[in-house]
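Asks: Start from the sequences and build out the full structure, keeping to the hints where you can.
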Amino acid sequence: MVRNLRSRVFDKKDLKSPPVQVYALALETCKWSSILTEVIDQTQLLKHERKLTPVLSLLLVHDFLLAKGGIALPASHGLRAAIERHKSRLTAEFTRARLRRKCPSVAALKEHIEASVYSNSQHPRWIRINSLKTTLEDQLATTFQGHQRVDSIEKVLSGSGKDIYIDEHIPDLVAVSPRFTFAKCAAYKSGEIILQDKASCFPAYLLDPQLSDGDVIDGCAAPGNKTTHLAAIINSRVQISSQAHPSIYAFEKDTKRAKTLEKMVNIAGSENFTHIHQGQDFLKVSPLDKTFSKVGAILLDPSCSGSGIVGRDDMPELHLPAADGIKTANKSSKNTREQSKKRKRPVEDQQDPERVLIDDDGNTTIATSDKDLQARLEALSSFQLTLLLHAFNFPAAHKITYSTCSVHAEENEQVVLKALQSEVAQRRGWHVLSRDAQVSGMKTWPVRGQTEACDGDSQVSESCIRAFKDDGRGVMGFFVAVFVRSETFPPPGTALEEHKVSKKADPSPSGCSTVPKAIGATKTPEKTMEGSDDESDWSGFDE
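Take the sequence shown: its letters are residues 1 to 543, numbered as in UniProt numbering.
It is worth saying that the hints were derived from the structure and are not from the lab.
Hints may be right or wrong, so weigh each one.
[What the hints assert, rightly or not] For each label pair, taking beta carbons as the anchor points, the in silico distance ranges come out as:
no., residue 1, residue 2, range
1, 266, 99, 27 to 33 Å
2, 55, 239, 48 to 54 Å
3, 142, 437, 36 to 42 Å
4, 142, 69, 28 to 34 Å
5, 142, 451, 44 to 50 Å
6, 317, 448, 32 to 38 Å
7, 74, 468, 27 to 33 Å
8, 459, 122, 44 to 50 Å
9, 142, 13, 35 to 41 Å
[Claimed, not checked] Computed cross-link-like contacts, SDA-like style, restricted to lysine to any residue with a CA-CA straight-line distance of at most 20 Å:
no., residue 1, residue 2
10, 443, 169
11, 418, 468
12, 68, 25
13, 162, 136
14, 133, 184
15, 68, 136
16, 110, 27
Since we're looking at a predicted model, the values are computed, not measured.
All residues carry an ideal CB built from backbone N, CA and C; glycine is no exception.
Replies: Right, here's the structure in full:
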């Protein structure tokens, strides 16, 4: 298993510095590593300072040349002294590297670096405007003041970095350049804007919770972007009516992730009507519990293979200086840069993307063979189906969305087909909502389910919604379908219905309510804040 940088940093408990600072330093050093490596090699720093390693030299030279306060060590510290002994040569080589790139200032060089890092990106930074706290108009006038509105994702990606696209499918959603700096943005820290991939917004919008639907359940809620999206939609409808807020019941069986969920709900401003069931497994909740007797809509986004995820870290490639510090006198800077490219760390994503599985914490597992992959997908789809059939049994429920961030039909269309063929679906009248009946933005979304994966049933495939990463639409790989229940079947609360529900409440043949271990499962990525549970580590929403 390969753990991503963010998880490795934030899960490490013995750091002497705040994990946010450590992660930021690592990320920035990677961005600058090609230039820093050039500077270190040209000065032969590692030849003269044997105590320095290639990685350590990158970090120290980064702080020496670029950090406002310089190297954050006492002046007498050996590592700081090792760098400052060569400060004149390091500064001179850094200036030469800047001028070779035709940058008149360090600020211009920084823009050059940022542009090169994201030059091949096919994904903008999607931002949902949190209508619980603000409006699109307010954010256009404040956070995005100075941005130029454009009419396509392509223009956002190829523009100056100050372009903004207002989405045509999802209300209150915008796309900006991946270079947009959000970490210090006041609206981001306050929860007025939420970083959330466009496809991740599909489930709540497609569920389309109305006040007449009653209460809502989010069965696998952490980290909370979909939960808070549901809350924003519901709140917008409460504002134009005289009705009280329906309740949102958000379940998360993992206690650590549940704490993240709670933070996100609080920052988003929906804590008054969102009830978090920390550490509670949705599969162990009785559909006949009176607490949930008014639940008319359910959102399910269970653990999946994560095969549709766009890289969580988007880490630039790390270039390392020569370990021996030896550079021949006549070696040109061009050759130095070519050598550093040969030494760069390999990108982890250069695997067959369909064999890459990413778990809830962003850790990557590679299926070793087609047989191994198939076994993992079978285990996941069995769990996903069990969860969906459990939701079918809630007496008042008449609308359910099922979604994954997987590209595999086994977890998507085939789960939908098996659910439709189940006894509980036929007994209670569950079917997929046709495309024509879907909310307007989803009706016009062009990418639909795969007919061959639906055993040739074009009506079912057309009702399903897909998204593919790297197809020019700027979204991650995703799947969602919405189930609705016919009104002609036994109404909730009747003796006959309650008797049938009580006998069918546990649809799992094995009675297992958890995902089998070590199967590379992930929740649909909402790329939330990951790290310490301490409140001081909170820095806003992060998709």
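Asks: Does each hint hold? Answer for all of them.
Replies: Here's how the hints hold up against the structure:
| no. | hint | result |
| --- | --- | --- |
| 1 | 266 / 99: 27 to 33 Å | violated, 49 Å |
| 2 | 55 / 239: 48 to 54 Å | holds, 53 Å |
| 3 | 142 / 437: 36 to 42 Å | holds, 38 Å |
| 4 | 142 / 69: 28 to 34 Å | holds, 30 Å |
| 5 | 142 / 451: 44 to 50 Å | holds, 46 Å |
| 6 | 317 / 448: 32 to 38 Å | holds, 36 Å |
| 7 | 74 / 468: 27 to 33 Å | violated, 53 Å |
| 8 | 459 / 122: 44 to 50 Å | violated, 32 Å |
| 9 | 142 / 13: 35 to 41 Å | holds, 38 Å |
| 10 | 443 / 169 | holds, 9 Å |
| 11 | 418 / 468 | violated, 23 Å |
| 12 | 68 / 25 | holds, 13 Å |
| 13 | 162 / 136 | holds, 17 Å |
| 14 | 133 / 184 | holds, 18 Å |
| 15 | 68 / 136 | violated, 35 Å |
| 16 | 110 / 27 | holds, 14 Å |
Checked against the numbered hints above, the structure breaks hints 1, 7, 8, 11, 15 and satisfies the rest.
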